[in-house]
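Protein chains in written order, with our numbering: chain L, 1118 to 1383; chain H, 1118 to 1383; chain R, 1118 to 1383; chain G, 1118 to 1383.
Honestly, the hints are just simulated from the structure, not real lab data.
A hint or two may mislead.
Heads up, the list lumps identical chains together, so a pair's fine if it works in one copy or across two of them.
Stated by the list, open to error - List time: in silico DSS-like cross-link candidates among lysine-lysine, alpha-carbon distance up to 30 angstroms:
{"no.": "1", "residue 1": "K1232", "residue 2": "K1363"}
{"no.": "2", "residue 1": "K1260", "residue 2": "K1226"}
{"no.": "3", "residue 1": "K1260", "residue 2": "K1232"}
{"no.": "4", "residue 1": "K1316", "residue 2": "K1363"}
{"no.": "5", "residue 1": "K1368", "residue 2": "K1316"}
{"no.": "6", "residue 1": "K1377", "residue 2": "K1363"}
{"no.": "7", "residue 1": "K1226", "residue 2": "K1249"}
{"no.": "8", "residue 1": "K1260", "residue 2": "K1363"}
{"no.": "9", "residue 1": "K1260", "residue 2": "K1249"}
{"no.": "10", "residue 1": "K1316", "residue 2": "K1361"}
{"no.": "11", "residue 1": "K1377", "residue 2": "K1354"}
{"no.": "12", "residue 1": "K1249", "residue 2": "K1363"}
In this text, all values refer to a predicted model and were calculated from it rather than measured experimentally.
There are 4 protein chains.
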Amino acid sequence: MDKTVKILDYGELGLIDIMGSDDAIVEAARVSYGKGTKQVSSNRSLIRYLMRHQHWGPFEMAEMKFYVKLPIFVARQWVRHRTASINEISGRYSEFDMSEVYRPTTFRKQSQDNKQGSSDSCFSYEIQSYDKSQTEYSILLNKGAAKELARIVLPVSSYTQWYWKCDLRNIFNFLRLRLDFHAQYEIRMYAQAMAKMVKESFPLAYEAFEDYILNSVTFNGSELRYINWDIVDGGYKVTIDFEKAKEELGKRELNELRMKLRHVAQ
Amino acid sequence: MDKTVKILDYGELGLIDIMGSDDAIVEAARVSYGKGTKQVSSNRSLIRYLMRHQHWGPFEMAEMKFYVKLPIFVARQWVRHRTASINEISGRYSEFDMSEVYRPTTFRKQSQDNKQGSSDSCFSYEIQSYDKSQTEYSILLNKGAAKELARIVLPVSSYTQWYWKCDLRNIFNFLRLRLDFHAQYEIRMYAQAMAKMVKESFPLAYEAFEDYILNSVTFNGSELRYINWDIVDGGYKVTIDFEKAKEELGKRELNELRMKLRHVAQ
Amino acid sequence: MDKTVKILDYGELGLIDIMGSDDAIVEAARVSYGKGTKQVSSNRSLIRYLMRHQHWGPFEMAEMKFYVKLPIFVARQWVRHRTASINEISGRYSEFDMSEVYRPTTFRKQSQDNKQGSSDSCFSYEIQSYDKSQTEYSILLNKGAAKELARIVLPVSSYTQWYWKCDLRNIFNFLRLRLDFHAQYEIRMYAQAMAKMVKESFPLAYEAFEDYILNSVTFNGSELRYINWDIVDGGYKVTIDFEKAKEELGKRELNELRMKLRHVAQ
Amino acid sequence: MDKTVKILDYGELGLIDIMGSDDAIVEAARVSYGKGTKQVSSNRSLIRYLMRHQHWGPFEMAEMKFYVKLPIFVARQWVRHRTASINEISGRYSEFDMSEVYRPTTFRKQSQDNKQGSSDSCFSYEIQSYDKSQTEYSILLNKGAAKELARIVLPVSSYTQWYWKCDLRNIFNFLRLRLDFHAQYEIRMYAQAMAKMVKESFPLAYEAFEDYILNSVTFNGSELRYINWDIVDGGYKVTIDFEKAKEELGKRELNELRMKLRHVAQ
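Chain L extracted, bound-state conformation:
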């Protein structure tokens, strides 16, 4: 297996190994249901049923292993997904390759309404401090400094590498969070590349994931108190008590509701 794609400037995502397939997910599910599953007509229906009802067990029966080359600040977000196995290159053992640092030339501006996000507007800028850090790393190594200590001058944009192995349930959880537009652009690029590989390897499971997780819209109990569904001829008349909602939910939550309604009404 040798599918590697380039991400950012020096990043890579390579699919190393797969355990299982859509069929294997189905096979595992049929163990749970014993002789009782004859009626579910097809693999596709069964996989969609499992995803719809968040019966995650059978999705844990599939596993994927990736090679990833990624900046340290991305690795720090990634590693928070604890249900996975990692083998990372050791900066105590190996020297960093200083020719490869994430070096954007266009910088996204701070979002005004999201305190932890970026806006769409950008400016050009060339990073200058890397040279100094890298020179100092070399000086320290030349003076005989321990690698584990010399590396502390390197920026968090330095690339690291690892093998990452994860079951499909937890890969879907990774994708749900990291494909989202709230995720930082840099990790989203990895998530998008990974999503393609998952889709190719598990087409039925991925389709179900898109339909039932990615593209779903949840109205919470708080919102539903201000949404009136009146039965009318051929459907419902839905009205939102914006005045009361604004008062009780607050401005921020009301905006979230508006965005959802806009989304479903597209």
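Given the structure of chain L, go ahead and fit chains H, R and G onto it with the hints provided.
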């Protein structure tokens, strides 16, 4: 701390210890946001924000420890929640107390439309096989059989006991699944008792859990394809293309959609 | 892949799928060490080095999936290994096959010196209570009882089935604990069968596991205080201050020390 | 509770909250053993028994929560302990405090015999690249760059902060690995401070941990093949077949054996 409630016939749920409080959740969240959280006006708002956006981290900072006495078949469902710590009485080490076995006198009938559930109708019945099993357990012990082997004749309705310690994030996940009407009645009784204890110990977090998780309704992407939201004066006219939905979603999924609509239109 | 072995009377262990190999473990390890591993001469040396120093990461990169048919009381011990994925047949969904219950005809006697173990002496006995339980299960089903409720009369020796998927690191941990003679005989039979399959699939890793984990002997700090190593010609003169050890360690711990010494002096 | 100690130059370790005590560990253990534990004379004996036999369950029943301020390169080692909960300050949300960067003035030299360690010899050096990185961080923020992007120029020696909550079993595992002299000096300083806090809060458990884990010596099966234990008057004559061991174990493993023998013969 000594709050123990009775569950089923011989079952118990006791709250042994708590780490944290609503305040501690807030305190942990404020670490994440550094100096940037001044604007969120209150603890309640912040906790609701965290729950609404599934920022689970701060909820992991609270922990509860319970003593539970429960039938083995309930324990087998419970133990599938892996992110928790358990100390169970050892049937290899201690003799089972045979006077205490779960002994319902009313039996729920098999649900017709849910292959793994019960219906509302019941019948009376007195279990007779327990005596035989218990007598045989005694005989085996009297003959000098190892306790680890003698116990194999006991029914899965025998009571076991354990300490169960879990963080609040995973307790909410337990409750979400086990308070649901699809969960088996017996484990639901424990979940209901636990929910009360959580509500008392973490009133703000529990309120948010009810609003944003328990009482939410999710329309998935598959359903949204057949739900049309037309903007009309004062809100939306929502129509569902039942014909097409029936054809493409199938009968089972269509029923699920109908139930959701009935729920939101109440 | 179709390797299934019989365990106990109706039990089975089947190897369903494997991810990785000894080579894949080595490949993952070499990522950690970057360009620095040229000097380790062979795969075997590297795997042994990893195992000796408990660098478990690369062993997590291999995964095995098993089909298991096992009595419920064994399943209850097994499931305590939390870092694994399970898909179990649902007793709420499927009827138990009552012709298959673990039915030993020879019973091990209670160990005198180990409160949770068996001794070597046995007696013959034919279990009689199963018929009653099974008849009652049938009666309940015939009366229309929900399957989830009818099953509570069945003994913990009833067979269940599951898929169990686990990485090699955690499989070794399972084997370390369940191959031990303190483990209950019944689960040990599964561990022994699994060990053979692991050995066949990962011969180098398994050899290292035997050498560095299974066959190791640990002297703890408490014991070392009473073991004197005097350097003598060609080695050491080792004397144990049994009097003082007995006084301070107590009888039980002293016995454990004696057993270790007997083992290494074989 | 307010116990905070300083680590390195700007680092901190503060104990925020505790669940449980030595007594609570004992209480949990007694659930496992039911009525059968009367004979174990004292809490101390029981805790030592549990630790000696690696019955970790009761140690999971205790929990500690720490506030930690630590350099990013230390955080990256720390976070590999997956069985713990973390709430970290978000560099996407908050600006880094640039006045605080880990700035050693003495550098350890690379170890000659350990490719990932430091030696005892040092040299003086003043880091110069930090100023450049920090100035550039300010420039980027002033230009309106998103915080999530501006931070990429900062060195891995920048301090981050988090709440870290972990059960006592996994704290002991953290300490076992991070107190070891193979662990990098910087994380070892945190481990040492944590060890003191654990010792104060759980004196019996910590004493057992020292005796049975930290101060134990393990001879593996491979080594035992070359160690002959001959029973002599009053003990054993232990001889090591160094010639054969060197040939078959190799130089590296033989050195490890020599170090162990030197340790026990002290």
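Here's how the hints hold up against the structure:
no., hint, verdict
1, K1232 - K1363, "within (22 angstroms within a copy, 44 angstroms between copies)"
2, K1260 - K1226, "between (40 angstroms within a copy, 8 angstroms between copies)"
3, K1260 - K1232, "between (43 angstroms within a copy, 16 angstroms between copies)"
4, K1316 - K1363, "between (41 angstroms within a copy, 27 angstroms between copies)"
5, K1368 - K1316, "between (38 angstroms within a copy, 27 angstroms between copies)"
6, K1377 - K1363, "both (15 angstroms within a copy, 25 angstroms between copies)"
7, K1226 - K1249, "both (25 angstroms within a copy, 21 angstroms between copies)"
8, K1260 - K1363, "neither (64 angstroms within a copy, 35 angstroms between copies)"
9, K1260 - K1249, "both (16 angstroms within a copy, 21 angstroms between copies)"
10, K1316 - K1361, "between (44 angstroms within a copy, 26 angstroms between copies)"
11, K1377 - K1354, "both (17 angstroms within a copy, 16 angstroms between copies)"
12, K1249 - K1363, "neither (52 angstroms within a copy, 47 angstroms between copies)"
In summary, the numbered hints that this structure violates are 8 and 12.
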